[in-house]
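In the working numbering, the protein residues as written are 637 to 1042.
You can take every hint at face value.
Computed Cβ-Cβ distance ranges for the label pairs, DEER-style:
(1) 1015 x 974: 17 to 25 Å
(2) 641 x 970: 21 to 29 Å
(3) 702 x 870: 48 to 56 Å
(4) 791 x 988: 53 to 61 Å
Note that these hints are calculated values from the structure, not bench results.
All C-beta atoms in this analysis are idealised placements derived from N, C-alpha and C, irrespective of residue type, glycine included.
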Amino acid sequence: MAHTTLPGFRDFYPEQLAERAHVMRAWREVARRYAFMEYDGPPLEPLDLYTAKSGDEIVGQLYNFVDKGGREVALRPEMTPTLARMVGARANSLRKPTRWFSTPQLFRYERQQKGRLREHYQLNMDIVGESGVAADAELVACAIDICRELNLTSNEVVVRVSDRRVMHAYLAALGIAPDSFEAVLGVADKLARQPRAISAEKLAAAGLNVDQVERVLDIPHATIDTVEFAISAASGVGIEHVQELRNFFDYVAQLVPGGEAWLQFDLSIVRGLAYYTGIVFELFDRSGEFRAICGGGRYDNLLDAIGGTSLPALGFGMGDVVLTELLRARNLLPSMAQTVDYWLTADDDIPVLRVMSEAASLRAKGFSVEYALRRQSVSKQRKAAITAGARNIVHLTNSTATDSSV
RNA sequence: GUGGCUGUAGCUCAAUUGGUUAGAGCACCGGAUUGUGGUUCCGGGGGUUGCGGGUUCAAUUCCCGUCAGCCACCCCA
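Model the full assembly from the supplied sequences, consistent with the hints where possible.
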């Protein structure tokens, strides 16, 4: 083979493109129902759009190079900086809250694994300019509705929800020093994947006592009631965020039929360490065989940091790779077989011009039409029509055209 | 970037302890057959066994390197 794709990049044969289109159709359809407007930006951006926020170490993860004009550039690894710039430039004139979505192809220079390539398409949905939890609920409801649109149910998918402020309040209630929060969040993020003993060791190294270590290790099992009780039993600081979270759960349950079945309170959801400020969430398949299919949350300070405008914002990203893998595993990808509305067959003595004129008139009516592009026996033509998935075969003879449905 | 496993046709797999021109099914193309649901038969293209070295009379098989894939770290989407 002379050429192959670069590692982590994909050729989309018609079958794969049909799968991608199936997913993206669901994204757009649900986004429309939630009144989001589509936008896009350039796939290639100045490198410093990304380094400014995250520092130079992120360059190792970027597809970056110097262009012919000597500019440091990078293929976009995420959409949020672009969104921040665009929103920042028109912050004052945009109707708030602003509901925008995009389906960019994103790039990342990392070793590929299952569900993780160097390129993928990712739905990004963001709401800008609303600080109340109704916006968070709207966004999560939308993510759930996308799953429902793709015929996934709460039996297959769970939305794990946490809140940075509740987490901080809970850790404080456990008597853990704020200096240790970052280390604790890092451990909490990995509780499911990392041996308990190692987590315990790291927590002890972060300065937690034996009791605190146990409580942190149990965070995945902590319910909203136990967390609320612990916080009010301590100083009560941050208790209002627990109530907001309760409202959030109620709202989602109202927005999506059977919504509560999808939701699960789980403080161990961390979503990286950096910029989230409030509710954060991730969608997982319940079997645990795939990585997260969607993740997002509230980032009220980010637009200020990047776009120079102080606006509350929240959003999520949902990639096509894991989602498609899950749909395939659950047998939820529709049949992608090619179909043709009409396949014209003709006897030997029918001039090709007549077949073409027949095809043209059917096509003018909006049907998809195929026919033999060279002389072939009738049986050959029929065979070709059947393998092409023709819904109707029209046979042209010297007397009349016979329409036989297949 | 680190470590482990894997690598034969488009796909799924064969090839007896290393032993002649690396095979089969499916798919694809061609021909015949069948007067209707993708039948049956015949034929064809397509592999320098990922690539490059080494050991050997002889390598798909053993060794090394490299590339690629999978998995786990790292990191995150």
